[in-house]
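Assemble the whole structure, with the sequences as input and the hints as a guide.
Here the protein sequences come in this chain order: S and Y.
My numbering numbers the first residue of the first sequence as 1 and each following residue consecutively.
My numbering numbers the first residue of the second sequence as 1001 and each following residue consecutively.
Among these hints, one or two may not hold up.
DSSO-like mimics (lysine-lysine), calculated; alpha carbons at most 30 Å apart, straight line [unchecked claim]: (1) K1007/Y / K38/S; (2) K110/S / K148/S; (3) K38/S / K1239/Y; (4) K263/S / K38/S; (5) K1263/Y / K38/S; (6) K1012/Y / K254/S; (7) K1169/Y / K267/S.
Derived contacts from chain S toward chain Y, CB cut-off under 10 Å, selection only [said to hold, decoys possible]: (8) G2; (9) Y121; (10) D122; (11) K180; (12) L251; (13) K254; (14) E255; (15) I256; (16) G260; (17) A264.
No lab work stands behind these hints, which were simulated from the structure alone.
Please read all numbers here as calculations on a predicted model, not as lab measurements.
Ideal Cβ placement from N, Cα and C applies to all residues, glycine included.
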Amino acid sequence: MGIILIGERINGSFKDVGRAIQEKTKDVIRDRACKQAKAGAHYLDVNMGAASRDVQDYAWLVKTVAESTHLPLSLDCNKIEHFKVGLEAYREVAGDRPVLINSTTAEDSKLGPLLEMAVQYDASILGVVMDERGSPQDVDRRVELGAKIFGAALEAGIPQDRIILDPIVMPVKFMQDQPKNVLAAIQQLTMLSDPAPHISIGLSNVASKTEERKLINRTFMVMAMAMGLDCAILDVSDADLMASVLTAELLMNKEIYSDGYLKAYQKVIGLAPGA
Amino acid sequence: MIPETKKTWAGKCHTVTLGATAAEGGSRTSLVKIGGASTLPFLHFEGTVSEPKVALEVWDIYPEEWPELLKQSLADADLRDPAKWAARCQDYGADLVCLRLAGCHPERGNRGPADAVAAAKAVLQAVGVPLVVWGTGNADKDNEIFPAVAEALAGENCLLGTITEDNYKTLVAVCTAYKHKLIAESPCDVNMAKQVNILATDMGFPAEDLVIYPTSGALGYGLEYIYSVMERARLAGLKGDRMLAQPFLCDIGIEVWGVKEAKVSEEEVPEWGSQACRAPMWEASTVAAYLQSGADLVILRHPQAIRSVKATIASLMGTPAQA
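Structure representation (structure tokens):
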């Protein structure tokens, strides 16, 4: 598939992962990493959540995940120091395997140092369209901040295909006008350049606290793909979601149709080199 | 600053190795590798370019229906004896010999499995290059002869075919059992090309052991449609679609020698000039186009055509032409 799928399940907010981070039990982490690789993830997101604030715990987690599969990682944290230590740990274990800094915002105090770090460590960077004023609710502000991040990243010397923009998904349950704005923002962000920049969302946010999480997730995912989304952080173990993603790729003429396309894909991902 | 225009692809085409030397348990003196490209044809600056290979065609019976000129061009080969004919093909520079079991077709002799095996064994013994064995195209007949042929050629790692969407189970089973490679046929249809590969792999056959035959058309007879299908399939393969990352086989001789540009004599159409010059040129020109769309293995008939095609390949590969 052409779309970049980032597996979301290595996150300290999940109870078993949180406990594994605190107790340093590698097996739990390794199991999560391998399962996501087998399910077709292209990247694995690595986030400690609230399980720990210790930067050394993050280094341990990054190394553990990097050792578990051949997949590139998405280092998901907030603090610049955590990125630095995480990237060092990653390069130690994974060599020159690709890596994603997830994420910067448009705030100058964060954007500058993280772009510099992306150049230094040969990393891709994901920019979330928020700044010191918080997350924008409207389309225009999303696009404006996206353009700022995109321009700054290019100027810093990051190749275009390593820049990913995230227009911020908000829960439909609490902010029902927002999903529509995100879709419009995706479409406008694709016009920033030709070829378009990569655009990603944290999919699961849209269905947060709802009763029909999976249905909402996969419906929004295909709508976003129709607008030009080509990357997402999501639950790759959700088979219906993955089937919908593949089918959307097909309907957008990015995959070649055959009667057995779904079966073939499901077989192939089980044999993926990352698995 | 001049922007970087080099393209890198996520995927790579499968490499299919044909033949087996004594070391691999066979009797071939040479192996042939087809496929393995990591970029579009002949873009040497971007990645690995696979060198296209050339097979010459041999029939199990005298090819009565071939144009006189073609038969004359092969006068020093004994067209009534597949073994001697095959040996000459090797002299002409063929990387492989393709034995077409034309005489087994129900409407062209209806020879049985024993005859097919005899022809295959004779050709095998006559040459050191790897073999392609092409059936009749009649599903029932192919299913009758291939189990015996595949067994007789066991250990030689041949390329057998063809399988289609409607008829693949027998051939997939015998090629699995006797370890041969398979030609997957789909009529000018990229979706079906993918589907046939999926069907074969669904039976446990390795995707890396398949060769796509998207059918072929002579220059002036639908070549451009096949060209586009191959182009589209190859782009998908390079993007990472394993079910379209197989090498392509183009069956050229059979197409070209059926069209009037090759068959008609100078007496009939004086303004077209010498048939002896025009016909093999039509065959070689057709191949030249297919090479650009990613052909990895082409099957030819005329000795002059293979010389010309080999020179074209050498120049595209940047290697000096063989004398």
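Hints and how they fare:
For the hint linking K1007/Y to K38/S, the alpha-carbon distance of about 28 Å falls within 30 Å, and the restraint holds. A distance of roughly 13 Å separates the Cα atoms of K110/S and K148/S; the hinted pair therefore holds under the 30 Å criterion. Of the pairs offered as hints, the one joining K38/S and K1239/Y holds, with about 20 Å between alpha carbons and a cut-off of 30 Å not exceeded. With a C-alpha separation of about 15 Å, the suggested pairing of K263/S with K38/S holds against the 30 Å cut-off.
A distance of roughly 56 Å separates the Cα atoms of K1263/Y and K38/S; the hinted pair therefore is violated under the 30 Å criterion. Restraint check: the Cα-Cα separation between K1012/Y and K254/S comes to about 17 Å, which is no more than 30 Å; the hinted pair holds. With a CA separation close to 19 Å, the supplied pair K1169/Y and K267/S stays within the 30 Å bound. The criterion of a C-beta within 10 Å of any C-beta in chain Y is met by G2/S, whose closest approach is roughly 6 Å, and the hint holds.
Hint status for Y121/S: violated, given a least beta-carbon distance of 20 Å to chain Y, over 10 Å. Hint status for D122/S relative to chain Y: violated, with the closest Cβ pair at about 15 Å, above 10 Å. Residue-level restraint check for K180/S is violated (minimum Cβ-Cβ distance to chain Y is 32 Å; threshold 10 Å). Taking 10 Å as the C-beta contact cut-off toward chain Y, the hint placing L251/S at the interface is violated, the least distance being around 14 Å.
A distance limit of 10 Å between C-beta atoms decides the matter here; for K254/S the minimum to chain Y is near 9 Å, and the interface restraint holds. Taking 10 Å as the C-beta cut-off, the interface hint given for E255/S holds, the closest approach to chain Y being about 7 Å. Restraint check, I256/S versus chain Y: the minimum CB separation of about 5 Å is within 10 Å; hint holds. Here the hint on G260/S is kept, as its CB sits about 4 Å from the closest CB of chain Y, short of 10 Å.
At its closest, the beta carbon of A264/S sits 4 Å from a beta carbon of chain Y; the interface hint therefore holds under the 10 Å criterion.
Violated hints, in rising order: 5, 9, 10, 11, 12; the structure is consistent with all others.
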